[in-house]
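Undergrad: Residues per chain, in single letters:
Number of protein chains: 2
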Amino acid sequence: MADKRKRRRSELNPDDEAQLPFKNRLKPDSAILQIIKEFGDCSTAPSSSSSKTLEDLGLSSTCREVTDLSLSSVQSTIESLILKIARSILSGNGFAFDVPSRSAANQLYVPELDRIVLKDKTALRPYANISTVRKSTITTRILQLVHQLCMKNIHVTKRDLFYTDVKLFQDQTQSDSVLDDVSCILGCTRSSLNVIAAEKGVVVGRLIFSDNGDMIDCTKMGMGGKAIPPNIDRVGDMQSDALFILLVEKDAAYIRLAEDRFYNRFPCIIVTAKGQPDVATRLFLRKMKMELKLPVLALVDSDPYGLKILSVYGCGSKNMSYDSANLTTPDIKWLGIRPSDLDKYKIPEQCRLPMTEQDIKTGKDLLEEDFVKKNPGWVEELTLMVKTKQKAEIQALSSFGFQYLSEVYLPLKLQQKDWL
Amino acid sequence: MADKRKRRRSELNPDDEAQLPFKNRLKPDSAILQIIKEFGDCSTAPSSSSSKTLEDLGLSSTCREVTDLSLSSVQSTIESLILKIARSILSGNGFAFDVPSRSAANQLYVPELDRIVLKDKTALRPYANISTVRKSTITTRILQLVHQLCMKNIHVTKRDLFYTDVKLFQDQTQSDSVLDDVSCILGCTRSSLNVIAAEKGVVVGRLIFSDNGDMIDCTKMGMGGKAIPPNIDRVGDMQSDALFILLVEKDAAYIRLAEDRFYNRFPCIIVTAKGQPDVATRLFLRKMKMELKLPVLALVDSDPYGLKILSVYGCGSKNMSYDSANLTTPDIKWLGIRPSDLDKYKIPEQCRLPMTEQDIKTGKDLLEEDFVKKNPGWVEELTLMVKTKQKAEIQALSSFGFQYLSEVYLPLKLQQKDWL
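Quick mapping for you: the protein sequence lines, in order, are chains L and Z. Under this note's numbering, the first residue of the first sequence carries the number -5, and numbering increases by one thereafter. Under this note's numbering, the first residue of the second sequence carries the number -5, and numbering increases by one thereafter.
Hint data in this document are derived by calculation from the structure and do not stem from the laboratory. Only a predicted model underlies this, so the values are computations on that prediction, with no experimental measurement involved. Possibly wrong hints are sitting among the right ones.
The list treats identical chains as one, so a pair stands whether inside a single copy or across any two.
Below, a list of computed lysine-lysine pairs in the DSSO-like style, where the Cα atoms sit at most 30 Å apart [to be verified]:
| hint | residue 1 | residue 2 |
| --- | --- | --- |
| 1 | Lys115 | Lys146 |
| 2 | Lys161 | Lys358 |
| 3 | Lys161 | Lys327 |
| 4 | Lys152 | Lys214 |
| 5 | Lys17 | Lys78 |
| 6 | Lys129 | Lys381 |
Produce the complete structure using the sequences and hints provided.
TA: The following block contains the structure:
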């Protein structure tokens, strides 16, 4: 009982034996800043994965990628396509779309690029066929609607698009899926179509950028931060004196760091999508990385989903592999919480959670994925997770005091260059 | 077929017969602005529900409400409580908390206040009783943690709080529920405890306010808008030249209005919690209404959940009835989409959705709720919804063109003072 009381107290008081060894190891901030600066200088040297293209690898004829197109290019591409179809009808060859396949069998992980891309298989979608008549009609309608968006230069959500013709689309999965087809057919990103996803992410810290013409200073956004705009094409003029970008999985950790103004002690930009990465946050992160040439350090839960989220930011989701070049951020480092941190930082047993059968299966599946296998450090950590069958959330660090994350854990991680 | 083609086209082209009658009815913007100004002047005269308190109604002894307390008051209230308990133990009377009951039976809708309040029933939570020993231990621990937060002057999330003692709390519902108890015991709001909910809402338009010391101009937040801060106690200095606040249920409509900069044509503040209202957005809306004295107009889906969301903003949720005075915004007007709008604005059949059995049940239940019954206009609309068994989302207006919402529907609604 006495022992128990002692342990309880030790979780509370940030200055006692359980974490003193870690706090004592911290060097002065200036020394830590020097370490991050050196890392930043190395990591922004042209890396193998970020600079190569499908063409460099001789894959441009067998793989397919979309690019950002201007509104007028999208418009003229649609017009050419429709003219081509009209000519085909007039010459007696009928009406069909040639649609790139987005199925798993047509996807490929390219290690040199460190992301998933789409291969070149396509399927014909003729109007004069009972099995494809609906889909080819929907495709035509979506093309027409996107053409309208180009002419008006406005953005709409997928939901808006669906509601323009509920009777034809029947449910939103059908218009959403054909919208992805249309991206592939036209060879442009979904953002180029002016169809946007609802916004979810927030950003705070040493970043200035323009959103639809307004200049935003993210050091002056209080604790709430700036909502990441849904339309990346109206984001520009990024400036920053940050040394790194801190990508945070969850809201709670983000709030802690924003309130403590962590970005003023260690100049950085803090960004979160509050869980599953959405397209807007992925585009925003990539744009920051590319324009500011900063290293990206990720703080995620120590569970298979944390790693999965990291992989979506880094290598893309299978669902949108046709657009992986624009949606992925190369060379994200796994800072924490890593399975080996649980023992290293003496996370109390009661803050670790047993993995469910499903967790363990997801973990084992991830071990088979190429984007995990190419990083031996990640394989080692994930193997440890699956072996110990333990997971932990970022919030588990609160057991050492609410500000342990910002005052001890992160500074020590940075000082020790403890990322993979 | 010819007829069908014609109808299709009519959904597309914003200028043709289906909506021309509505567009033609629009007066010049200056006339509409005058109408809103007059409404604002009337609606900000002291209204019956917003100014009265429990004390005015002679209910202060039978009902219980919490107030915003300063950190030092929370701290000293906790200290007095613990001293009282210590004295009780020393005098041989043992250790127990007197906890206000938050059950449905202890809740009351007060028509004069137009919100749900908590009655005065309490229950004893003794330590020396097998059925309450755990809960009284958890209560003590939460009090201790909140006391720490006061001394450090930092904010944490409920999730952080849970992780400080997983072994004791076991799961987060237990620490969350006791946290609400602690609010009631201390007689202060949850925000006063420095425990915050994750942020979700965004705001854009004619509003300037300070967030944690930074001045934020919401006309200069691009399309993304400003994330509503999780901690209302660090929000202040609100200034605005808006004529009204437009409360929007969903993200998609918010994005449309933000991109079109609707707030520049009709000076307003646009706010959304992206679905279910969270505590931060509810506090923020109330603060705007109270400090700026602006009318609030709500744009929600025409379904029972839209009305339910409206009622949570207006009258509070049952779960947090003890804090309804701080969380609710009096006198919110139901602008649209209202069931009668479906025919009035000729929303095409295919954009209306049939209500499910559950929808109809929820609608009928709402008809029995006091906060619906007190407004005959709402009863009429809800009765129509349940009778026609049809619902529609805000996005259904996209069937008349993507900008129909911002260019025709809302201006006409304002011009006709068509709110309830």
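Undergrad: Next step is simple, just say for each hint if it's right about the structure.
TA: Checked hints:
| no. | hint | result |
| --- | --- | --- |
| 1 | Lys115 to Lys146 | neither (34 Å within a copy, 60 Å between copies) |
| 2 | Lys161 to Lys358 | between (43 Å within a copy, 28 Å between copies) |
| 3 | Lys161 to Lys327 | neither (47 Å within a copy, 32 Å between copies) |
| 4 | Lys152 to Lys214 | between (32 Å within a copy, 26 Å between copies) |
| 5 | Lys17 to Lys78 | neither (68 Å within a copy, 37 Å between copies) |
| 6 | Lys129 to Lys381 | neither (47 Å within a copy, 35 Å between copies) |
This entry does not satisfy hints 1, 3, 5, 6, going by the numbered hints stated previously.
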